[in-house]
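Please model the entire structure based on the sequences and the hints provided.
Chains as they are written, first to last, in our numbering: chain A, 1 to 391; chain B, 1 to 181.
It should be emphasised that the hints constitute simulated quantities derived from the structure, not laboratory data. All values reported here derive from a predicted model rather than from experimental measurement. Ideal Cβ placement from N, Cα and C applies to all residues, glycine included. A couple of the hints might just be wrong.
Claimed, not checked - On the chain A side, residues computed to face chain B include the following (Cβ under 10 angstroms):
1. L232
2. N350
3. E390
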Amino acid sequence: MAYRPDRSQYPSRKADGSLDIDLTSGKYLKLWQGPQHPGITGNMAVELTVCGDEVVEGKTHVGYLHRGFEKLMERRTFIQCFPIVCRICVPEPDFNEYCYAVAVEELAGIEVPERAHWIRTLILEMGRINSYLMYLGGQAGALGQGVIGQWTTYVRDLMLDRFEELTGARIYHMFIMPGGVRDGLPDGFHKRMKKTLREIEKTLDDVEDVMFNNAVFKKRTVGLGYIDPALLDTYGVTGPTARAAGVAKDVRKDQPYLVYPELDFEPVVGRDSDVYTRADVRRRDLLMSVDLIRQILAKMPDEGPVMTELPNVLHWKIPRGETYVRGECSRGEYGYYLVTDGSGYPRRVNVRGPSYTHAMALLERLIVNCNISDVAALMVSLHTYPPEIER
Amino acid sequence: MRQISMRELYEILKQIFPLGELTEQRSNLAFITVDRAQLRPLLLHLRDREGFTHLVLLTAVDWIEDGSFQLTYLLCDRLGQRDLGLRVMLPRDGAAMESIHDLWPTAATYQRELREMFGIAFPESPRVEEDFILEGWTGTPPYRRDFDTLKYSNETFAPRPGRETRDPEGYMKEQLYPDGN
Chain A
1 MAYRPDRSQY PSRKADGSLD IDLTSGKYLK LWQGPQHPGI TGNMAVELTV CGDEVVEGKT
61 HVGYLHRGFE KLMERRTFIQ CFPIVCRICV PEPDFNEYCY AVAVEELAGI EVPERAHWIR
121 TLILEMGRIN SYLMYLGGQA GALGQGVIGQ WTTYVRDLML DRFEELTGAR IYHMFIMPGG
181 VRDGLPDGFH KRMKKTLREI EKTLDDVEDV MFNNAVFKKR TVGLGYIDPA LLDTYGVTGP
241 TARAAGVAKD VRKDQPYLVY PELDFEPVVG RDSDVYTRAD VRRRDLLMSV DLIRQILAKM
301 PDEGPVMTEL PNVLHWKIPR GETYVRGECS RGEYGYYLVT DGSGYPRRVN VRGPSYTHAM
361 ALLERLIVNC NISDVAALMV SLHTYPPEIE R
Chain B
1 MRQISMRELY EILKQIFPLG ELTEQRSNLA FITVDRAQLR PLLLHLRDRE GFTHLVLLTA
61 VDWIEDGSFQ LTYLLCDRLG QRDLGLRVML PRDGAAMESI HDLWPTAATY QRELREMFGI
121 AFPESPRVEE DFILEGWTGT PPYRRDFDTL KYSNETFAPR PGRETRDPEG YMKEQLYPDG
181 N
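Below, the structure is given as structure tokens:
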């Protein structure tokens, strides 16, 4: 027999369009999912109003991780901001370094050596793989498949080893700085990276078998969290979430940067725009990143400078101006809006993280009429990282 | 079809709307200063006629020395591969702006943040009075330039032992030569 939801208990709307929820009526219950909850992404919370086990209203709450980066940067010189920016996003910090560095270079009129462009692209793709691996573990974990997270954490650890030998750090790399990158590739890096990539592919084969071909995973995610393609621009949806809806939004193709014009790839696109498709688009995008790293290693120059000469960074003043620099991170469009006033400090830095729109307006819309048990899967499928919201 | 340059777009727009200064930052990124009253019709025109369908960000810059806030509305035309920033200057005293949440629902979040961090009012914006990041904040909005972070920190948080600053030279001397020789 077909499932017929009982709508008789549902709240009516007030004249201003808000829901008329009377908590004393006993029909509704307030539930907090997060900030300490296994089914939440990072340090945020969703305040759910439920009727039975269906959500009638959800409000995202952030602020648990606010450190005021944008304000901190206004009191620091341009080079002092460089070690701060990566802290804005833990699983994929390199986009902060890249966008900040390019914005500073553009306003200061600095040319970057070609080899640095290649190494920057390599770093960004390595970061993307890390972020996707973490996502796959989280997406499976939200539906009770703990083992996927263990497998992806293992291969992510191998990639962190590659980061460590390249940059000296595992999480916050502080490698892409204004003017270029800090160093070239170490000896034998190509060989070890290729081995890591093979290991990632092998693990992803297993992930495909156990997660994507799993009847329970399919049953629970197909059709869940549908995003109408017509809503993409209205809600500022970018990245894999938009590509899963059939729109090939990818900054790497739309506004090519670094060495992407020299690499051979096509944006991975899905069709059904549900949680399953979003997970599948990310898995395929991850495999594309593996391929892109192979292309980069094969094509990049082995010799040449990686850093251009900077003016004395202690007395570095940048003329008045403003710019916006963007890149395609694993979650969508990542950008930095930088305003300078001719002094030695930025006048304003604004970080545009994809989670800002995905975790707030979009999630609050999608969560309505969702079953409580599906909230975690839906939220993870938007791949949000709260620090981007409360920079 | 040939892609028109940002200056050509500016000239076209200028025939319809009174526009301020144009800054061409890159071939695919420009900023235009517009009057507050022109913003909404211009946003609608850009969204519906010129292909700038994506609101990338909405943020503010505090030009305290001029006594004004700059609101930046950055729009992206993905298919045309170009971005356009609209700058609206507001007086700092009693700063208020019309909401654009009905054009892009995501703008409501940006406006909530601007109300909290810069103290710019967006009267019609939904849930704009709710706390966004800060809880129960009553003082100067913290992202304004006249908010002193050090002063706030000294007033709000008690000093903890073990955080004394020392003169490095004198401290090392004391460590290495405790008897003063």
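- request: Double-check A:L232 for me: the hint is only fine if its C-beta lies closer than 10 angstroms to a C-beta in chain B.
  value: 8 angstroms, holds
message: Less than 10 angstroms between beta-carbons is the criterion; does A:N350 satisfy it with respect to chain B?
response: 4 angstroms, holds
- request: Would you settle whether the hint for A:E390 is holds or violated, based on the nearest Cβ-Cβ distance to chain B being less than 10 angstroms?
  value: Hint on A:E390: holds, closest Cβ of chain B at ~5 angstroms, below 10 angstroms.
In this structure, every one of the numbered hints holds.
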